[in-house]
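Sequences listed follow chains A and B, in order.
With the first letter of the first sequence counted as 1, position 117 gets the number 117 in this note's numbering; the numbers rise by one all the way through.
This note's numbering runs 493 ahead of the 1-based position in the second sequence.
Hints in this document: simulated from the structure, not taken from any laboratory.
A portion of the hints provided could be inaccurate.
[Stated by the list, open to error] Partial pick of chain A residues on the chain B-facing surface, computed with a CB cut under 7 Å:
(1) Q114
(2) V123
(3) T153
(4) D387
[Unchecked claim] Here are a few chain B residues that face chain A, going by a calculated C-beta distance under 7 Å:
(5) V524
(6) G526
(7) F939
(8) G985
(9) Y1136
(10) G1158
C-beta: ideal position from N, C-alpha, C; glycine also.
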Amino acid sequence: MARVSIRNEIRFILNGRNVVLSSVAPDATLLDWLRLDRSLRGTKEGCAEGDCGACTVLVGKLSAGGLVYESVNACIRFLGSLDGTHVVTVEHLRGEPGQLHPVQQAMVDFHGSQCGFCTPGFVMSLYGLWMKTPDPSNAAIEKALQGNLCRCTGYEAIMRAAHAISSYGKAAKDPLAVERKAIMARLEAMQDGARIEIGSAKARLIVPANVDDFAAILDKEPGATIVAGSTDVGLWVTKHMRDISPVIFIGNLDGLCAISEDQSVISIGAGVTYTDAFSTLANRIPALGPLFDRIGGEQVRNMGTIGGNIANGSPIGDTPPPLIALGARLTLRKGSKRRTIPLETFFIAYGKQDRQPGEFVEAVHVPVPAKGEKFAVYKITKRRDEDITAALGAFFLTLAQDGTVADVRIAYGGMAATPKRASAVEKALLGKPWTEETVGTAMAEYTRDFTPLTDMRASAEYRALAAKNLLLRFFVEATGTKAPFQVSRNEAA
Amino acid sequence: MNKHATSNLKAEKIAGGVATDQRHDSAHKHVSGAAVYIDDMPEPAGTLHVGLGLSKVAHGTLKSVDISAVRSAPGVVDVLTYADVPGENDVSPSGMHDDPVLAEGKVQFFGQPIFAVIAETRDAARRAARLAKIEYDEIPAILGIWPLDPVTDRLVTTPLTLRRGDAAAAIAAAPRRVKGRMKLGGQDHFYLEGQVSLAVPGEDDEVTVYCSTQGPSETQHLVSHALGVPSHAVTVEVRRMGGGFGGKETQANQCAAIAAIAAKKLKRAVKVRLDRDEDMTATGKRHDFAIDYEVGFDDEGNILGVDFMFALNAGFSADLSGPVGDRALFHCDNAYFYPNVHAKSAPLYTNTVSNTAFRGFGGPQGMIGAERIIDEVAFAVGKDPLEIRKLNFYDPMEAIGRRNVTPYHQKVEDNIIQRIVAELEESANYPRRRREIQAFNANSRFIKRGLALTPVKFGISFTKTESNQAGALVHVYADGSVHMNHGGTEMGQGLHLKVAQVVAEEFQIDLERVKITATTTAKVPNTAPTAASSGADLNGMAAQNAARQIRQRLTDFAAERYQVPVDQVVFLPNRVRVGNQEVSFNDLVRQAYIARVQLSAAGFYKTPKIHWDRGKGQGHAFYYYAYGAACAEVSVDTLTGEYVVERADILHDCGRSLNRAIDIGQVEGGFIQGMGWLTTEELWWDDKGRLRTHAPSTYKIPLASDRPKIFNVALTDWSQAYEPTIHRSKAVGEPPLPHGMSVLHALSDAVASVADHKICPRLDAPATPERVLMAIERLKKEVKSGA
Ligand SMILES: Cc1cc2nc3c(=O)[nH]c(=O)nc-3n(C[C@H](O)[C@H](O)[C@H](O)COP(=O)(O)OP(=O)(O)OC[C@H]3O[C@@H](n4cnc5c(N)ncnc54)[C@H](O)[C@@H]3O)c2cc1C
Ligand code: FES
Ligand code: FES
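Chain B on its own, in the form it takes in the complex:
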């Protein structure tokens, strides 16, 4: 296709600049099956395949590992154990050295990889993996956090404490107090494409790993550690993932390391692609939490003091559990001002898979703690929870008084939650529907309706400061076409598209002139994982920086060549005005090339302003906040606990959206994913520590028919980022996920109706039909016993 001739030199605007709705750059390939994922790449001749041997006990020492039958099985080429790891037998992202590539001496969860079969076909490898004879000396296993003591039991890493004011004194002095404990389940990522890596050995110590990873640099570093070679020997590349959601931030590394080790050892390409059951059994998930809370408040419902303990199930290793616990604390205020607060995390060791990043990274769990407190206060003072929410919001940005300091001592300067909630209340007809539901419930014996409106304030930045940097590489070829590369990865969120829009905007050329290319550590080094919603914020800025360098060179060149002042060189759509004449962008580039102007640049960006002192629990942890609110209505069958979501309305803040079509997709998808987490997605381990919901047959993510029957999603078209972010847009990956809370609270509201809204339902999550019914029964009993 020659697109060269098609650039419109008269256009008033380029096609595909920022703040325009663009279709996903790969959409036409997605729909035709032409988009290439790792497992779709043509394998090099002689490619071998891996099957993993997984632990069958939750905790034990390895008494004997007999793999002779595995070795002699048809098609088997080799079997790797920890002894075959040439470098460090560790893929721990935390530097704690607690994440072995292959188990050594002991196993710490049911499903931990012990050996890797390398065979001519994947089928042969999987079959052979079953033939091992492994004897364990079992050790008592800790299978969940619920019975644990967050203060005295073993932690995988240092906890965090946040403290402002004197929470204990404030609670003690408060006119009213409530104390409770909430159980909050974890969540499997269920990216549709499971973990997969293809390692192709190169010369000397080189290896290229094609890996479905959100953090190519991290994968590169950990593979090089495991191989015992410098990072420069390892190249990691990913064009796209079939979903990530945090599940490929660190969890891709183990498969990558195994593939690379085998490839180097056997001098053949090696592919690891986990079966869905193995993927769900052996890789980490969203942390389940036990949240202890105590709140002191007055008769109006003003919160005076809050004390939280966020115990999270880290699993057997640290992985990212420390920072996940931190982010839960950072969001334990959600959008509310706590005059006095004390909050602590406890990343508890258990003999389950090591939990990891998942969209929101602990933030949603923190917010759920806040919303539980709101519920408690509302039921105690007999008001609609929405009233309590509004009473306790941070001061709005236009009227900041004294109620704007977070538990981590950062000032909230950009709060727009009041306006968002007010607009949503109106567009969703909250007051009217509240009355209608009351009437409906009064007349309906078995089916009860529930309604809730929940806010979201989400902090944007990595709390690990060094992660807030990004690089990009932009080439302008002599024909004026542009090659764009940056450190971010594409997992469906439209990151590459947004960054390409930014580059197109800088050069004022049509989007189709900008080529999107695979992320590779060979082009942009030392990048942060694509996580913390920061993809477009960081990489957009880095790419803009690269493009601006080139544009500056073109400007200087044009000024000199045409003998005009620099300010008379103006980039217009697909052309450049130089003094009184216009030159097409392509021609100017051509001239610049002939004049030997460098047309390639590496861009860089680091987020300004942020700092964080973890020891003190104080700092400017977030560059800015993203806001939103959701209102959900449900119907609940009080005989069975079954429910449907009748309607949901969302108003979400993306600042000045780079691409509304993409952002709306993120909001819709995030909401449904959050709803799934809090409703039907239940992780269930048996008493042997074996995950029994390890496949879609038993682990139920939402379907199209679980969507709200009426689903209205809107973006705040009036907001823009308070800070100079990329074109004043805001991050959108994670912030919409907690909108799923509205469904949990609507269910809670429906449950509460069976006790005339007098008792706080304390509905735990996931609120499966079973949990809903059991909560209903509990409330009915409490009413009967006259409590």
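With the rest of the complex left out, here is chain A:
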């Protein structure tokens, strides 16, 4: 491995200006920096945990597709993770001289603000959407706004505004579109392939140069906190005030963000965000599309990674159960040593995973269901979107020629201390004719597999009941019924 050079500052563009910071606390958030250091107070704090969107800003990053602007939650985005990006806040929006930006003017004219506190965040989310999709559908707007709460308007006015933006201006003529080449050139000029190290002793952050550099650093400093999208770690800081130094920022890291696919397997680098994984996964494994659309809000999906969702070991993470049901495997790496294990075995117990000190999650390999193999995943939450799972069931099924169950894998989240297979249920199905009667018998087996807990998301009783009913839903869906088998947001009434 070539020696990497080391830089002791981060460089990015804030609105119009280049910023160079050589003193950055590892836990400094972008929101505090904007509001306190830069006195840019258009960006608001509503929750400091990524759920309300009042702090939404755009971050432009260089990627294979060029320069992409994505909405993110400034409250849980660490300042130290912004190297080489273009941060755009509400203060940067411009229209024709003396005029508001089209997004802003539409919001004004359609009465999209009442108290106005959520408004800058909505403006930024809509701006991000409009740049990509100038004439969005209702569903696209709702999706883009899943991470923005408004307590005043009831959203209707905001939806009307969102539909009207393009009548106020052309996305192609937007300053960020017009200046794109120049910004890209400025960002490219910042890329020197160096590792960044800032701070010392108790407050230290590192941005590795690439995945090999990361492996080497972590091997030497196994106690460091790995931060990918910071959609979990951000809250450790803002809510629990945990000390996370030294921090290794691996978001957008070279060598960790690739997706590769062949006939039967999709391999996803641990640093791939939900957003970046979406099109491949939703194309190849269609049942994952609607699930991914219900993970967090747009800002969280733009930051959060599948690797982080697995590595955090949470029993209510949404990707492990479907990936387990699909038979996914996980590659772990320590220094230059790699091992690949069934994802299922990674989760040992609550808070305990099969990951050695100095080891990190490098990639997950997801088998694509073949023709005839059935796969579905259902997430149950209190609120449909941007809510954490109460119970989530994933089902993979292969039928034999004679209509009996040849292979079945069922995995649940929210039902145990880890993402967990329903092995007793599977056993009751295996080899049996795939009929409602069999399903009915198998439903009685759930009590063997799971003794869920009661908490603020759901009672044990509800979890148990809803979880087993999902098997019936799967049966109905798998029979190819035309009748509705679940309620749906996107189909017209």
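Assemble the complex: chain A is given as a structure, and chain B with the ligands must be docked to it using the hints.
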């Protein structure tokens, strides 16, 4: 910007008068991030920040409070406890002295503030606050009202009883009777801007508090009590709030007091801004209720007698729980005439946060009791609940017979609910959709549809009579521009805009000539909180009164100067016709100034007619009523309880709307907020009394994707206030919120379909997917057991 030259002197109408659609005055600032909230103001040099130390038990005495580690933490300047409160350690709005600024000797709920760290940065203050070592002697805690007895258990304040006729006898004699109990959850305000105050010390005993408060006068008074100084030493100012919804009516006062105490003690500016978790844990919410009801009725579904007990969770102190319980009783009839009624409130003491005002102020809870009764009657007699509703409405205003007296003995004189419901039934195609849904459900195994149409009648006025007053201050400057100030506060509802429209209308000048300014106790004293939907009604009238005084002076001056009779001075758009000539408004003002005419006036208004005898439970409690109705349709998954709102139609009465654009926003937003309360917003305490839904990650208010897929909102364009309100408009802040009931009842209707509409689902709220599924299961079991 020089707008001076732009006034159109030929205009037929001014730009921005009353009854025109205007955009929110701050909209352009909201969208550009330029609107300044308290936390956005540039801090004075040396500003300190506060972190709160909160109780970790629900009930206990404070055995020891060791804050030495807090004091020595980096950046900490001081730590305040109750002993540092120079005046009274109390911010109780009820005068009951039961709301300490900082806990003294004991704590009464999990999350009660015990001490306040003052540090150089907010981060340092928050970190240091965690270092305290506090020992408690725990006392058994009352963690909810469900197991309590509303008659014998401890109350925080005197309950109210309403009585008309003989309910017990009527129920006993009725051909049919039903009795039941309903559980109704509370609601967090979730204003997007949390509680925040910035106190800047002044000379002598002066202090200015910039506070996100709906009641600047109340904040001023309580801060002065806590400081032990006269009210004149304290100025409270607020330009705008990032949402209030009642949550900043009294709940802003504690932070304001802490900031002011620290600022005076340390002689530096001090800011308190609560973290969302702290805000949700330590400040009050909408009251959860347990509603016991019994109703007697005939085979047709005519209600004959009703008995209610409204037990509400006051929390550990009185706060506004007394009046909230009262308003629940005032609305326990919703739009229905009860020939005999007995209703009682019970504001129960518990060891949870002290609950407070929330949009509707108990009214929605009262209405939900009424609608539950309607459901019970409908299922008992086997009719569509809508039929039962229509059967029991108060007499319409054009045909008042004997069915128009409320449980508090006020006559309903302005009832238009029949017409509203009839129009909505038609525009929403209720009968046709009822049939379609029946057919759909018959053919759909797992997904069931439900439909409901619910009415709203909402009483307008504070029931505390002295709150029904308002002041305003209007200056006309020599250039003809106008400075407008009043006692109301802006929290997004467009109040300032509406009042400015009123002032523009009086002077007949374009709206942009009227400057909206921050609410401050230094300009208008002794104001009511902006609450009870009364903002525009009261302050609009007060501002109109101020403007009229000045206009009268201008008229007299013009008449004299131009030697014409007073009635020949007519205010036209941006100009004044004096006899045969026209003078621009600006010129007339200039002339008046030179002639030394006073161009400033303080306006005042008090609501006429109202009176209320709480002891007797009788009076003319409300100046008038606002009406409306909503029709909602839902789809429910009977395997999981998940649902979506397919469609909602609302027809709402704002009288002669001052600004339809603003009012429609209030109706849409109110409906969604009401729906959230009754569906996904669940407050969940663990067995230690700790609120576990203390952040948006766990407390789920509606998102854009929770809106009805089809959402039609209309205002009654034919109605006007029966009383001479400001331009015959009606209050709109609270009345639309209970339209969310239509969703609860549509869910209930869908649930009922699993038992062929034979069993009343008794669906409690919030109707989370879990509650919906459990209700479905219960009904299925009852069907099976042949009940
Ligand atoms: C508002 C909000 C909504 C959310 N909604 C959902 C939801 O609906 N469903 C859901 O499942 N989750 C949800 N989450 C949680 C979160 O988005 C995920 O867990 C996310 O996938 C974590 O990825 P990250 O990159 O942000 O991880 P980080 O926060 O950066 O890290 C998470 C953990 O993983 C470790 N880690 C990260 N990458 C690696 C690696 N390559 N190797 C080893 N360790 C690593 C970190 O050290 C840390 O312990 C939500 C979070 C927020 C803030
Ligand atoms: S402040 Fe709420 S998402 Fe960032
Ligand atoms: S306008 Fe107040 S929260 Fe959205």
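Against the structure, the hints come out as follows:
At its closest, the beta carbon of A/Q114 sits 3 Å from a beta carbon of chain B; the interface hint therefore holds under the 7 Å criterion. Taking 7 Å as the C-beta contact cut-off toward chain B, the hint placing A/V123 at the interface holds, the least distance being around 5 Å. Given the 7 Å rule on beta carbons, the hint for A/T153 holds: about 5 Å separates it from the nearest Cβ of chain B. For A/D387, the interface hint holds, the least distance from its beta-carbon to any beta-carbon of chain B being 6 Å, beneath 7 Å.
The interface hint given for B/V524 is met, as the beta carbon of that residue sits about 4 Å from the closest beta carbon of chain A, less than 7 Å. Against a cut-off of 7 Å between C-beta atoms, the interface hint on B/G526 holds, since the closest Cβ of chain A lies about 2 Å away. The beta carbon of B/F939 comes within 6 Å of a beta carbon in chain A, closer than 7 Å, and the hint placing it at the interface holds. At a threshold of 7 Å, the smallest CB-CB gap from B/G985 to chain A is about 3 Å, leaving the interface hint in force.
Residue-level restraint check for B/Y1136 holds (minimum Cβ-Cβ distance to chain A is 6 Å; threshold 7 Å). Below 7 Å, beta-carbon pairs count as interface contacts, and B/G1158 has one with chain A at about 5 Å; its hint therefore holds.
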